[in-house]
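Novice: Position chains B and C relative to chain A; hints supplied.
Chain order of the listed sequences is A, B and C. Position 60 of the first sequence, counting from 1, maps to 177 under the numbering used here, and the rest follow consecutively. Position 408 of the second sequence, counting from 1, maps to 438 under the numbering used here, and the rest follow consecutively. Position 150 of the third sequence, counting from 1, maps to 303 under the numbering used here, and the rest follow consecutively.
For the record, the hints were derived by calculation from the structure and aren't laboratory data. Virtual Cβ for every residue (Gly too), placed ideally from N, Cα, C. A hint or two may mislead.
Claimed, not checked - Partial chain C-side listing against chain B, Cβ under 10 Å, derived:
1) G211
2) D250
3) H393
4) S395
5) A397
6) R399
7) I405
Letter by letter, the chains look like this.
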Amino acid sequence: MPNITMTINGRDMSAEVENRTLLSSALRETLNLTGTHVGCDTSQCGACVVHVNGKPVKSCTMFAVEAAGATVDTIEGQAHSDGSLTVLQQAFQDHHGLQCGFCTPGMIMSAAALLKENPTPSEAEIRDYLEGNICRCTGYQGIVNAILAASGQTAAIAAE
Amino acid sequence: MADGGIGAATKRREDVRFLTGRGQYTDDYTPAGTTYAVFARSQVAHGTIKSIDTSAAEAMPGVLAVLTGEDFVEVGGNPAGWLINNRNGTPMKEPKRPVLAHGKVRHVGDAFAAVIAETAEQAMDAAEAIDADIEEHDAVIDMKAAVADAGTRVHDELTDNVCFDWGWIEDNRQATDEAIKAAPHVTTLELVNNRLVPNALEPRCSIGEYNPGTGDYKLTTTSQNPHLTRLLISAFVLGIPENKLTVHAPDVGGGFGSKIYHYGEEALVLAAAKKLGRPVKWTASRSEAFLTDAHGRDHVTKIELATETDGTFIAFRTETYANVGAYLSNFSTATPTFLHGTLMAGNYTVPNVYVNVKAVFTNTAPVDAYRGAGRPEATYSLERVIDKCARELGMDPIAIRRKNFVKPDQYPFTSAAGLEYDSGNYDALVDGLEGLADIKGFEARRAESESRGMLRGLGINTYIEACGIAPSNLVGVLGSRVGLYDAATVRVNATGNISVMVGAHSHGQGHETAFPQVVADLLGVDPESVEIVHGDTSKIPFGMGTYGSRSLAVCGSAVYRATEKIIKKATLIAAHMMESDAEQVDFEDGVFSVRGTNKTVGFGDVALKAYIPHDFPLEEIEPGLEETAFYDPANFTYPSGAYACEVEVDPDTGKVTICSMVAVDDFGTVVNPMIVTGQVQGGLAQGIGQALLENAVYDENGQLNSGSLMDYAMPRADDLPNLVVDHSHMTRCTHNPLGVKGCGEAGAIGSPPTVVNAVIDALSRAGHDVAHIDMPVSPARVWEAMNK
Amino acid sequence: MHNFDFVRPSTLAEATAAMQAEGAQALGGGQTLMPVMKQRLAAPDTLVSLAGIAEMIGVCEKDGALVIGGATTHAQVASDAASMYPALAALAGMIGDPAVRSRGTVGGSLANNDPAACYPAGALGSGATITTNTREISSDNFSTGMFDTALEEGEIITSVAFPIPEKASYQKFEQPASRFALVGVYVAKFADGVRVAVTGASEGGVFRWSAAEAALSGNFSAEAIEGLSPEASGMITDLHGSGAYRAHLIGILTKRAVAAAH
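Okay, chain A solo, but in the shape it has when bound (with noise of 0.2 Å):
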């Protein structure tokens, strides 16, 4: 079975896996970063979705092996490395964000490219970036609203 090396979090981590190992299993059964979720098999909802080489994409619908030598970036590794949050986090918390947090990385990781591409997005901007991120349990609101207030814009949040 290949083993691959990918930066992960910023630590070089290798793994054995095979060909037809997703990135989100290689790195959920064999790196145990079990922080990416896997919501579905048709690459629409979003709960998987990670950072490679800088760019979000679904950790399901990539092999592991097309992640050799890459850099990626997980839930786990988003908070300061004293284990406090950061601004994104800390707003999905204080917007109510989330609730039985199972999409919630994979939301996470999608407003953090989002805000990486534009940092004061709209609350349309928000709603149309997160087409790709299915949350069943909020409306949308605490997280449009948790964006809104991670980029600075508390103006802009209807009211809560």
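Specialist: Leaving out everything else, chains B and C in the frame of chain A:
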């Protein structure tokens, strides 16, 4: 009251683990030596199993065992939790629901074999190699055809496909018929409450473990109610004694009803774990979830509303066909009956109600309670026909509802459908709605839409639901085979911090934050010192779990009662410490004091004393500070609400865009307003999803056409508007100690008719003669209605 | 899914050689292929990843055409082509979602030829030329039906040249679940005429709506096609809409594309 007690919008403590990827969901748990189960599932909707040859599969690499229905013939069936009687008094039909299909397969996805292998991929390879000879039969799909023709039966041993033919209230039937016959105006509407797939984002997952040294079993599973699952496995299916079976539901990624029920996969992984002496894990794919999770809704209804010419309601009469699918899921018989028929008087003083429900077996996945469970179906039927009636009578949709509301001075009010509403103020909710939704400003907004070529409509809706299910004595009379109380243990540790073991299960509802607010409020302690333990039958006393908006109303009340017991005992200890009579001791803000003196002792000191009872009068006071309460409510709770929605319809494409959605609800006391707002918003999204997007469609052969997220449209962020929520117009529930009513399902109950009413309003204002469009109100359906 | 051999060539020549293996399948971004493999509906023996072939990645303008390397992602096209050919860049930005656009490629999309995909409309509407490792194929001859193209076994799309029109627009009416096109219409106005390509609607896959092209070539305005829509026969009928509805949408979206073209 302590800071952060009842009423505080405390941020959720559970969020930190979820935000950092440290949640522990079932599939995140892989004990050493885990093996993997994969199911062989029927690809036809209806067939006779002629033979299953597993030899090739057994010979494949990594395969440890292949099990079929034959291995479970001695094992019990997964039972229906609610016995419904027919109108003639005879009991419903209850075919056996086996762990694995035996004899026949009855829906696409029905599992007839399972492979356990060293890896999931090996198990999947082997499952493909199982050679099953299944003789296909015609599929029973259309409910009315299934009732009319008993020739093709889902269950051969039954005489027909009708599970039951139920009347509510049967004694009201004749009076209702006569009232309708004599009425000056009757509005009739035929509608479909579309079938939904719950699609909690976490697919189901179960891990069975067995310790041959002790005979102990452990099931880790995605459940909303681990004790109920344990009870069903122990008492009905595998017969494992309850004290040898632990069921643990750790973090669960949403349920919405679909994870209430016990499923065959849970029994299988336990049985296989014993057989192999190794842990056995099964994780559903989303495709499997579509085929095998209990679906929701799926009613076909004809409703009639008889009125005076001034809009005074005289009678509601409905005839409903309710799909129960191929097998009876645990609450499938309660959902279309007592969670539906009993609500068919709505918020109204209507004197006559009669409901007939025919539950029908079909070759489709089982149908059971999904967020709202019966009450959305009732509300949709009522509020759509009321809207149609208002239009026919030329009345304002708000005015016709106000005219018929139960008024605040009428409580307790016994509805014509037999429930006793304890409190409410529907006019106040509508008053609040008119302001918050700026109903007066609608015409200006409509004109602005028109200037852009868009058709704008306003939809109004009110609802009442029965929640906090429920009083055991009442549900027992109605056919429930279980009690519906809940339980909590409050354990004050020696150092003063507190563990609370609750029977409710939190899978998004924020119990870990809200329940401590209740305890802290009563004890005057810091909520941060209170920790909730839930989901593990080995740690908590008992519980009936989380569904029916019951966690706070029922389990929260158990927490309240157990905390009261703590105060009572702590008062004894405090009195002893202050050398006083307990009757002379007051407790406020965490401090015990002797009335008329300056003697005080803090709660923390009392807790420590409870565990260092050197000088206790042991005849009067036991050491320790731990109390358990079981709470069984006196009645359902009755949340209610008034909703408004504005839509724009694109006349060129039929596409509906929701411009605004406003929900004004009465949930009684609100413990954590942030969490309540989130619950309503989530419910609204699911209701809007039902109204505009979601539809589980089987073709005539029983293939699920919308069997993946590629065809089953889940609401996304860009499908939804800002969701405006107000729960300030509260009337307390009169019979539970917190005065709470429950908020989890409201949004999903109130919103579908609101949206459809708005679409019909938009089309009507534009001159289209469209009385109704079935959900989901897709662009194609709207366009077809406009161009018929 | 079934296991397979995996090769990741760094040159087109290596990829061409690898594609000679029995059961070899090119892997672009995998955004369509992988879900199909998960369902075990495809089981290639060898996957030949095209992601490491630098010569197949990139966007440039050449001889009045936008030339996109076959392994270029939708995200890159959406950003890098925006100034050269805005309508096509906008089309790329409507495919899937941001994470899908990070991986999916133009070559993968065209080779798969999903009847509801966006790129087939962009290519046919632009009159693109598809270059493979062996030949050039006109977009007019490329699609041969649903999920079927003129590509031969082992053939790899190396680049696609989209002639840049005077103005163009892609109007996509989304299927609400998949977010593919329920109907998508690409209108491009060239000096010598108008091309109208339709995706999502026909049982035969992407097609040119010649009646609209004729009407618009004389008068490029929405009024020129007022009331015009193609025959409903041969249009897809499914859960999300009938053939008649799709035919109606084609007329509406074409008018909107004409009005929006820039």
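Novice: Next, verify each hint and record whether it holds.
Specialist: Against the structure, the hints come out as follows:
1. G211: At about 31 Å, which exceeds the 10 Å cut-off, the nearest Cβ of chain B leaves the hint on G211/C violated.
2. D250: holds (9 Å)
3. H393: holds (6 Å)
4. S395: holds (6 Å)
5. A397: holds (8 Å)
6. R399: Because about 9 Å separates R399/C from the closest Cβ in chain B, which is inside the 10 Å limit, the hint holds.
7. I405: holds (5 Å)
Going through the hint list in order, the structure does not satisfy hint 1, though it satisfies all others.
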